[in-house]
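Line by line, the protein sequences are chains A and B. Following this note's numbering from start to finish, the first sequence increments by one per residue and tops out at 265. Following this note's numbering from start to finish, the second sequence increments by one per residue and tops out at 1395.
Honestly, the hints are just simulated from the structure, not real lab data. The structure displayed is predicted, hence computed values, not measured ones. It is possible that part of the hints are untrue.
[Said to hold, decoys possible] Label pairs and their calculated CB-CB ranges:
no., chain 1, residue 1, chain 2, residue 2, range
1, A, 109, B, 1127, 46 to 54 Å
2, A, 108, B, 1130, 50 to 58 Å
3, B, 1348, A, 175, 54 to 62 Å
4, A, 206, B, 1137, 57 to 65 Å
5, A, 176, B, 1150, 25 to 33 Å
6, B, 1039, A, 93, 54 to 62 Å
7, B, 1184, A, 93, 27 to 35 Å
[To be verified] List time: in silico EDC-like cross-link candidates among lysine to aspartate or glutamate, alpha-carbon distance up to 20 Å:
no., chain 1, residue 1, chain 2, residue 2
8, B, 1152, A, 165
9, B, 1199, B, 1224
10, B, 1152, A, 254
11, B, 1125, A, 165
[Claimed, not checked] Covered, in the sense of this in silico footprint (three residues per stretch, anywhere, with C-beta under 8 Å from a C-beta of chain A), are these stretches of chain B:
no., stretch
12, 1096-1106
13, 1115-1129
Ideal placement from N, C-alpha and C gives every residue a C-beta, glycine not left out.
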Amino acid sequence: MRWVRDNLVLLLGLAVLVYTFVPIAVVVLMSFNAPDSRLVYSFDGFTLDNWLNPCADPDLCSALGVSIRIGALATAGSTVLGTLAAFALVRHRFRGRSASNLLIFLPMATPEVVLGSSLLALFVASGLAGQLGFWTILIAHVMFCLSFVVVTVRARLAGMDDALEQAAMDLYATPAQTFWRVTFPLVLPGILAAALLSFSLSFDDFIVTNLNSGNTTTFPMYVWGVARVGIPMQVNVIGTLMFVLSIAVVIGVEVRNRRRQVPVA
Amino acid sequence: MSRLAEQEVAGDALGAPASGEEGPYDGLRIRALTKSFGSYTAVRSLDLDIPRGSFFALLGPSGCGKTTTLRMVAGLEQPTSGTITLAGEDITRTKPYRRPVNTVFQSYALFPHLDVAENVAFGLKRRKVKDVAAQVEAMLALVELETQASKKPAQLSGGQQQRVALARALINRPEVLLLDEPLGALDLKLRRSMQIEVKRIQTEVGLTFVHVTHDQEEAMTMADTVAVMNGGVVEQMGAPSELYENPRSTFVANFLGQSNLIEGTVRRRDADLVTVDMHGVTVSVPAHRVHTDGDRGWVGIRPEKVLIGEVGAELDAPGNTVPGGVITDVSFVGVSTQYLVRMPWGQELQVFAQNTGRQRMFAHGEQVELSWRPEYAFLLDASQDVAAGADRVVG
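With the hints as extra help, turn the sequences into a complete structure.
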């Protein structure tokens, strides 16, 4: 009893970890499943087939390709635009600055269903009803990722000591050198974080995408579509890959930071 | 660099520096410098001549305009009007990265993504100087940080970061090195040892240092010339001992150390002596220590210059003797005893008596006489606020 009391925090922590990781463990487990039928959600036998043959359903891989392409383009677009907007909001005093700071929060606060349907109305009203597809999805994704990029980069920029750039200029760095040698490297972690966030938001989005997709199918839409007839186990392979990839990125960054902090002398 | 050398030669050829307003001057010269932020004037028509190779301190309370002045010299702030010339060249509107001036920032402003050696090399690399590695090594040796070269600033202590900031500025051998309260973030003990360290480095490299501080003790310890600033103007400028011994305003008298200021009326002005009636007691002040033309003024005397004795005792201070004091407070601080003495006119004067052992300690309530040598007294203008500069925060 005493042992339980002494280790209560540890036990609770472990319980929370289990609670968080059980669903992910199921995804990983199911990626090795050999089901007896498509409609049975039970582990019927171990196989590597799903991993060796992830594109068994060609629709899955084409949907995945669409999602990756939209994710990459939406990330690039929103990261560039959002970073520029963040610099403007932090560094320059202009009319409507505080209003812009407030408005940037709106897309994050608006329910996605509302956002998606309004956007659809806008596209239709603009005569794009027949053009719904890859590009309208991309426009929608850049739009909602933008706010997250601005907020992330702005926080990083606002936390930076003004004296650093002044010190660079004092040490003979021209404005361009000051930006590339001091400002940019210091803001870069914020920009990278914003880019990662954008990609996962875009890759994961279903509601806004579904309303503005026309005939294009993204990965979440594919999964939603096939759920009615039984999800192919390859979906779990993709899920596991995504999970492993993001864990690898986080561990990689952490290892790099740790190595930098090792005292030399 | 050769351009600067030429000017140095030109300055020598044309005779002594600082001769006349328009003459060539090889130091830092500030003329009628003014900086306003909206309706607030931070610096008001400031004139300063800072000789090459000197350790100059701008001393004043916060908000007196000293940091603004420094930032204008660095080029980080644009003056509203006035000029700044350095070694004969007008740099008033020159971009900060084109001035032969470097700054040690109050927050140090070390680049967190670069290691110590890269921080120190930053200025040299921007100017595409050769042989950076050897210079960085020599500079790190000067500030005793050779072993820390590949550490990041965040891994260093406050004192070490301070020395990196100093090395990063010094390595460029600027015409003028600006120090903006560089020791403000350090604790008292470290600050005292860094003061000696910075002074040693300045003597070693022989560059012009302009040091901004609100700590009068720091200014007096380190600088050869101190300019006391208040409300955007320089109140008085000179060697630390000169400022301390012969202050020209109540602000300087109170901000640098402590002073007893006693109201008086001028009775006679002779060629070398001014006689003042101080609540019925006649005292004299040497003419060169009188800083008012009026017939009223503040007689000033430093607490350690006041001698204290029993009533009727013989004191080594012919001239100014003030009877009728009563001791109201005694604090023994080791090297000295500090008395508060209430005078017949109600004012309490401070007296610091060295504990030489030749005199007994006086007790609370005892009757005493005060006295001081006339050559230590000074006379200030009656229109000045008697308490100006007295409520400074000792930091």
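Evaluated hints:
1. 109/A to 1127/B: 46 to 54 Å: holds, 50 Å
2. 108/A to 1130/B: 50 to 58 Å: holds, 52 Å
3. 1348/B to 175/A: 54 to 62 Å: holds, 58 Å
4. 206/A to 1137/B: 57 to 65 Å: Cβ of residue 206/A to Cβ of residue 1137/B: about 59 Å, so the range 57 to 65 Å holds.
5. 176/A to 1150/B: 25 to 33 Å: Holds - the Cβ-Cβ distance for residue 176/A and residue 1150/B, about 28 Å, lies within 25 to 33 Å.
6. 1039/B to 93/A: 54 to 62 Å: violated, 18 Å
7. 1184/B to 93/A: 27 to 35 Å: Taking Cβ atoms as reference, residue 1184/B and residue 93/A lie about 29 Å apart, which means the hint holds.
8. 1152/B to 165/A: OK: residue 1152/B and residue 165/A at ~18 Å, within 20 Å.
9. 1199/B to 1224/B: holds, 10 Å
10. 1152/B to 254/A: Judged against 20 Å, a Cα distance of about 17 Å means the pair holds.
11. 1125/B to 165/A: This hinted pair holds, its Cα atoms lying about 16 Å apart.
12. 1096-1106: holds (count 8)
13. 1115-1129: With 4 residues closer than 8 Å to chain A, the stretch 1115-1129 of chain B meets the three-residue bar; holds.
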